[in-house]
Amino acid sequence: MSQMWGIVPLPVVGHSSNRLTLLARPDWDFIAMKRYSVFAIAREAARYHTGWERAWAARAPKKKYDVIIVGAGGHGLATAYYLGRNHGIRNVAVLEKGWLGGGNTGRNTTIIRSNYLQDPSAAIYEKSRSLYETLSQDLNYNVMFSPRGVMMLAQTHHEVRGYQRTAHANALQGVATEYISPQRVKELCPIIDIDGPRYPVLGALWQPRGGTARHDAVAWGYARACSDMGMDIIQQCEVTAVRQSGSKVTGVSTTKGEIDCDKLGIVVAGHSGVLADMAGFRLPIESVALQALVSEPIKPCMDVVVMANTVHGYMSQSDKGEMVIGGGADGYNNYTQRGSFHHIEETVRALIETFPMISRLKMLRQWGGIVDMTGDRSPILSKTPLEGCFINCGWGTGGFKAIPGSGWGMAELMAKGASPLTDAFTLDRFREGRFIDESVAAGVAH
Amino acid sequence: MSTRLARDGRFLNKSKAIKFTFNGKQLRGFEGDTLASALLANGQTLVGRSFKYHRPRGVVASGAEEPNALVNLGAEGRFEPNARATTTEVFEGLKAASQNHWPSLDFDVGAINARLARFLPAGFYYKMFIHPRPFWKYIYEPFIRQSAGLGKAPKARDADTYDHFYAHVDILIIGGGVAGLAAALTAGKSGARVLVIEQTAHWGGRAPVDGGTIDGLDPDEWVKKTLQALEKMKNIILGARMMGTGIYDHGYVLGYERLTDHTPDQDGPRHRLWRIRAKQIVTATGAIERPLSFAGNDVPGVMLASAIRDYVVNYAVSPGDRTVIVTNNDDAYRTALALKDAGLEVPAVVDARPEGGGALMQQVKDRGVRVLTGKGIAGVSGGKQVQGVKICAQAGEGAVLEEIPCDAVAMSGGWSPVVHLWSHCGGKLLWDQEKAHFHPDIGRAPTGADGEPFVIPAGAANGSMSLANVLAGGVAAGQMAVERAGLKPKRIATPEGDSVTEAPMQPVWMMPQGAGVKLRNKMWLDYQNDVKVSDVQLAAQEGFESVEHTKRYTTLGMATDQGKLSNINGLAVLSNALNADIPQVGTTTFRPPYTPISMGAIAGEARAELFQPIRKTPIHEWHDDNGAYWEPVGHWRRPYCYPRDGESHADAVNREVTNTRENLGLLDASTLGKIVVKGPDAGEFLDMLYTNMISTLKPGRCRYGLMCSENGFLIDDGVVARIDDDTFLCHTTTGGADRIHAHMEEWLQTEWWDWKVWTVNLTEQYAQIAVVGPNARKVLEKLGGMDVSKDTLPFMAWADGQIGGIDVRVYRISFSGELSYEIAVRAGQGRALWDALVEAGQEFGVMPYGTEALHVMRAEKGFIMIGDETDGTVIPQDLGLHWAISKKKDDYLGKRAHERSHMVDPDRWQLVGLETIDGSVIPDGAYAVAGGTNENGQRNVQGRVTSTYYSPTLKRGIAMGLVHNGPDRMGERLEFPKIDGTSVFAKIVDPVFYDKEGAKQDV
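Chains as they are written, first to last, in my numbering: chain A, 1 to 446; chain B, 447 to 1449.
There's no promise every hint is true.
[Claimed, not checked] List time: in silico EDC-like cross-link candidates among lysine to aspartate or glutamate, alpha-carbon distance up to 16 Å:
hint, chain 1, residue 1, chain 2, residue 2
1, A, K97, B, E994
2, B, K583, A, E133
3, A, K383, A, D277
4, B, K1236, B, D1448
5, B, K601, A, D193
6, B, K1202, B, D1171
7, B, K541, B, E522
8, B, K583, A, D319
[Said to hold, decoys possible] Part of the chain A face toward chain B, derived, beta carbon under 10 Å:
hint, residue
9, N86
10, G98
11, L139
12, Y141
13, A171
14, D277
15, E296
16, P300
17, I325
18, E345
19, A350
20, L364
21, Q366
22, D423
None of these hints come from the bench; they were simulated from the model. Even glycine gets a Cβ: it sits at the ideal position worked out from N, Cα and C.
Model the full structure from these sequences, guided by the hints.
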């Protein structure tokens, strides 16, 4: 029972694999990583919380690592975490130009779902979703995964057929989804206007175990767990060059000096093209700003996540009470992480039609994140022309939900050279025409 | 206790009393009051509860920076949560209710959180609620969610309307204080087109309250005179109650005008969003006073010193009978003077500076007020109302020297320029060590497409803190804006500001300086979100060293005021904790909007019917009158079917199919895309666009063509007719018209810009009616006017002529497999021709048919449908359409892609027909399973259904599908699992189910 409640202050054999290896680390400070629990909080409250340690260590880079991951966003940190946890590779550094979790991990609308159409997509997103289920316990950090259910509204007959197809595909893929009636939509989300008039709701694809999580906590939880395994997370450390010998990677140059490595993982989302250029190859990626906004917080009125692709907007309510709203990406390539207005206008219009009650709410804040878009709107998790250098990018507008699965697959790919989760997502596919087109399901292509 | 003073207030019209309610209690205010001033006038110091600890909260500020005084405003269709009382003007009948408490504002059960505060530090939820796992979903999260949010969720549909305005000006001036007005006067005299906007209802900003003189005049007088001058200039527009919301790229600015919030009974839109393009923007947005961080600084009655001054001077409201002032600068002494002028008591001014202040301090001392220098506040007595303050040495740890009874505290920690708008579009900031604030770095302004700066800060927003500098800065900004806008500035005399010289302020980030953990635990930074000095220190201690990390970990600055009061104080605490300089730690990003704006205003007029106007064909009304069940297709509505009384949609579809095959059907095909492609190079262009050879088509003939994307995927299909040597008419799918037209133009404009080709989308210029069925020719012959016989007008030919006296173009094309004429007429004649066909067709059994009958008939014929058989991953070769891919052409869009390894892979799924064994209909979207599972545990599949219907002609379920090696597996049985766990079995057959020879259409 005590283990279950997580009050054990000391590592317990068999409790989790990372703890065992920590014991083996000679420089491990035994007291350093206190487990988080309600009892730890109570203990600390007695001394006004003066005893809490750093969530992750601040260390100077070593001269060499087995693996360097560039980019301490969710995907980079998760890759490092599973390298350690699943493959025993712990001599790892995660380099971050700014502050960890400060890119799209900290800017997205936190939706988690796996109701994808194509098999490779469903596999990696469902792996991810299932890892989210236990992530708080695995990381001993409450990421507030909230499987409140995600519904994607069908508002044209074409969308109805599209989602029925996805429901069939999901059934064979082991992804629990259901095509539901407009009445059920209304029951699950009473604030929806299902009658239109412009686009009446004809049904929805419903994934009851989809939901949301606290985005920052995912990055922080992975960072803490990586640091706990002895990995170095080095912030304010910009990579300025990828060093190679022959056709093999040997390390990177950074604003904190040169660091050697055997393997390099590039996991930098919007700036992937820049890093690929340093490594000497090109990517079929365009970077654009994706727009999002939140309302002022109000008392709970929406228990599910709703995505409306025909009118183009999606909305959920955060645990703080804000309506979190996402919309479209800017129609031009750019790197400015700024909000622009025209998409906000379109998105809010669409959502007022769908949820008339939001008209008198107020927009609190809008922002943009740079998303890396591939031609088929599916990610790239792949070896690269540079031996020892791997890339994980192209998550486009949907990367947050994929963080654990992406990290799991990427770690396996980097450790073993292949992973069933990532095998379809190679860079070669664009040359071969082997696209994994998810816009099919989103109804975007037609 | 706060109360109304007998004197006048600058903004008040005391002759006009206004009745309003707060929590159901009827209260009285005056015209000109804000809800906040009116509540204070009624002694209502407790106005709300904080977010996390449900602490009692009172009004702190007097403007947009207010974090506490948020109310549920109005009712039903005019209900608004989180309305800020300090910016809500009272009106007769206003109904307000306080938020975030249960059961009442005075007694709130949630206040237990405050007792538990020690167990709920910053980020506590990341560290607990982890075990046992199911508890998060069922217990912890529901509990957290129930305590979330502030205002209530609106329920009713919004009863108001909103609109958008567009404005193009040379110069936009944001802020109607004296700096903005001076800039406006300067810019206006040069002849530039100027828009000046002010977020409140009043011009002049703080100057009239803060005193001094302008050109020897009282600031109020000067503001009046200046406004009169500005109103006379035709090139100037003045907009009050209009906030500068956000500055975006290339001088694009949003202005948020609140038209009827203060007069809800007035007709017209509630809010108007101005979409402004300005060559230059002057941000004269003023400054915001900072609170001081001392224990108990959140008790109702502790307010900003400037706000207390505002309430006394502008609204004749006394926030308390005895007000202690605590400050680190001279400005707060003005509050002491204002209170004394109003006959109120000021027991003491507590000045943290060891030497105290300058001339203003002396004036205060001369009025007999006690001034304590080098002192601070160690604590505030009182729960829901200040009862006294404990005085300590600022340099110490908080040992109490004395306690001074009072019922209000005016605090001032210095001023922060409002740099939000400057920063929205990339303007950078500098830290001023002396004034302890960030101000715009003029050298690093936001730049436009030409690389030139387009924002100019002025006045207090630029860090100017004396009246003289504010005015000079305003004039200079106006002149600079004129020059940069490419106009000639006219010199004007800079208005002379005269105000008392102030002694330097001294940054005080914590009071007292050596406060221990117990005191720090009671020092609020963010009042709404309950973030305290101890929380920021905890974040730093735990490694959340980036200011963004600290913000996110503690929620500092994430409340509805977006940290207008808390950000700098929090940043200073963080810097101290990290032992770093403030500019080194940096600020969080300023994002639009400056203060929250209504979603309604963002959406504007485009709601309900105007949300996305429905496109209607010329025959739309007939369909509506004749019982059409509509289907949205693109922005059109098309009849899905025309059910008769008591008939189901499925029955209607079956009847329509059968009648068309046996007698005569009419389809409104007007929505089909019709793009004219014209020019000497039109043939060559279409050869590139279509996979077929189009240039060899003879005038008078039609050809079915396919279009692919660069990646080889089929994106559209349709019939091309050659009108003459230089002119082609390309039919596209209904949903494809705009997309394909854009696709053509993209190629023409970016790749083949030297080709002589013009395109125009004529979709709406023509109505098009398909006359289909064995009786089609008969009805046309009956109407008469042109020869529609097989010899004159054979299959896949077209001709111009007349039918029933109407000019028409008739195409002999068929998507149903029947004898079919598609007749195009000028849109204005569409309805006339339709009516004529319906009437003439009576004797031939005419019936209209909808899109579903169209789909069923084309599926019976094995014709593909874009969007069904294709989904962006299908190439023409998958669909057995090799015949439509020219082998003779060197190139076409998609040719190279078709040669890629995966595209020529023999394992691609290919089009087949599917016939269910039991005659049932395969569900839409079903997959055919193969044995076993893949590496990821997913069931292996070998094909899928693309179209599936009940065929009334064959009286059984038919389907088309893509199947692995399908065409080589005729007769094989496939299993299609259904969602309910059972399976349908189907036999692979030829995709053409009906009239395989095509005899019926070619007659």
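Which of the listed hints are broken here?
-> 9 and 14
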